[in-house]
Amino acid sequence: MNQAFSRLLALSVFLLALAALTLVSRAQSAGSTKSDPPAKSATKKITGPSKGAAADTVAEGPINKSYGSRGAPIRLDVFTDYQCPSCRSFYEGTLKYLIASDYITNGKVYLVHHDFPLQAHTYSGLAARWANAAAKIGRFAEAEAALYDNQDAWQANGDIAKYIAAAMPPADFKRVEALVKGCESPAPQSTGDKSNPLAKDSRPCSFDYAVADDIELGYKVPVQATPTYVITNKGQKLPAGSGVVSWPILKQFFDSLLSQ
Amino acid sequence: MNVLGWLLTELATYGYWLILAGVIATFCVRNSENRRQLVRVLLMAGGVIVGSIFLAAAYGKMKPLPGLDWSWASIQASIAFFAMQVESYQLLSPQGSNMLAHLLPFAELFLGLWLVSGIGRRFSGIVASLALSGFIIAIISAYLRGLKIDCGCGIGPPEQAGPAALLRDGLKFLLPALLVTVGAFWMRRQPRATPEGLQV
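Protein chains in written order, with the working numbering: chain A, 1 to 260; chain B, 1 to 200.
Be aware that one or more of the hints could be misleading.
Stated by the list, open to error - Result set (DSSO-like, lysine-lysine): computed pairs, CA atoms no more than 30 Å apart in a straight line:
(1) A:Lys181 / A:Lys162
(2) A:Lys220 / B:Lys63
(3) A:Lys194 / A:Lys174
(4) A:Lys162 / B:Lys63
(5) A:Lys194 / B:Lys63
(6) A:Lys237 / B:Lys63
Simulated from the structure, these hints should not be mistaken for laboratory data.
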């Protein structure tokens, strides 16, 4: 019996040593995390005009709600609802840092935003419409930031316009506003029965199709809560996750994938 | 390695049937000596089955993500992915979630090997029962708070934390662990035959 317990002790010491080795290596990478720029300086102010963009010459183009390079080894698809508190936490505590980090600028991570406005949120469809209209003229980043930064304010009455207006030059806002005001039909939202979000909509706006496509893509994941994220590493899709992930944890995972 | 993982997962998923059948058979055996022998065999089998639950869980958390091969780097990536799942429960701080994610797979590996070895089965059974109870409490907590997250147990396909996961984890995992623990204590209390055939 004593021999058995000695062996057990030796085995436990070995396994604990293995765990400690892992923790030490993680602590070393956490040390590099701690040396990252502090939160304030890591956060770009993106509620104003983008650098280098002229005040009123942003052309209309395809709806682009992504950050970074398509050729990045890691792709992060995020399904969110602008009126969802957890999505706001995810954006403010994680995505904002990711967008400002060199993971995006150096082509390591390609972040793609997908709209998944929930029926339970009265103004989420409208918010998605504003964001997509802004994306049409290349102001998606500003609109996204404005929506999450001011979520508490606009979700009370749906008065989104003034926050979008404060996030971009007046000329660009007028163009976005014109696009949104031209929409007469209800904004698309995800439905519990997974039917086509535009089925009952007789005259959708051009960018409503982008939202509807996002929703239908979300049904396939399937998105059961927001935020939901899908990470693809070198073409291999990983199991979808949902809930809020903090930036250090997400960064740790990205680092582990990039070190393969 | 993948075959071993598959075997452990199958054993963890379906082994509870054997334990339940054995428990029923125990009550049907009238002869006390035969019952002791049956319980002894069941405890050995139960130790392997309950141990396989933890070994399968450890394997599920450490196995390489799609597209990666087995290596220490891929294990670290899998554990980092698991850390994201632990954090989604929102029970611990990011640092706490990270530490738990790094310790838990190795603790499960140790506990699984301990159960399979049969050494100190009463105590390994208690630890296993407590560990599974804690896991079920975490799932209940997540469910009551309305969190729709992957249960993150690592056995079988991803499953949303909810009543289905609770039923599965309770019936398949916690119940066999409790039965093995109770059986081990019962065996300890049984009188043993001396070399001369007299019971003490």
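Status of each hint after checking the structure:
1. A:Lys181 / A:Lys162: holds, 14 Å
2. A:Lys220 / B:Lys63: holds, 25 Å
3. A:Lys194 / A:Lys174: Answer violated: A:Lys194 to A:Lys174 is near 34 Å, above 30 Å.
4. A:Lys162 / B:Lys63: Status violated; Cα separation ~50 Å.
5. A:Lys194 / B:Lys63: Measuring from Cα to Cα gives roughly 34 Å; hence the hint is violated.
6. A:Lys237 / B:Lys63: Roughly 15 Å separates the two Cα atoms, so the pair holds.
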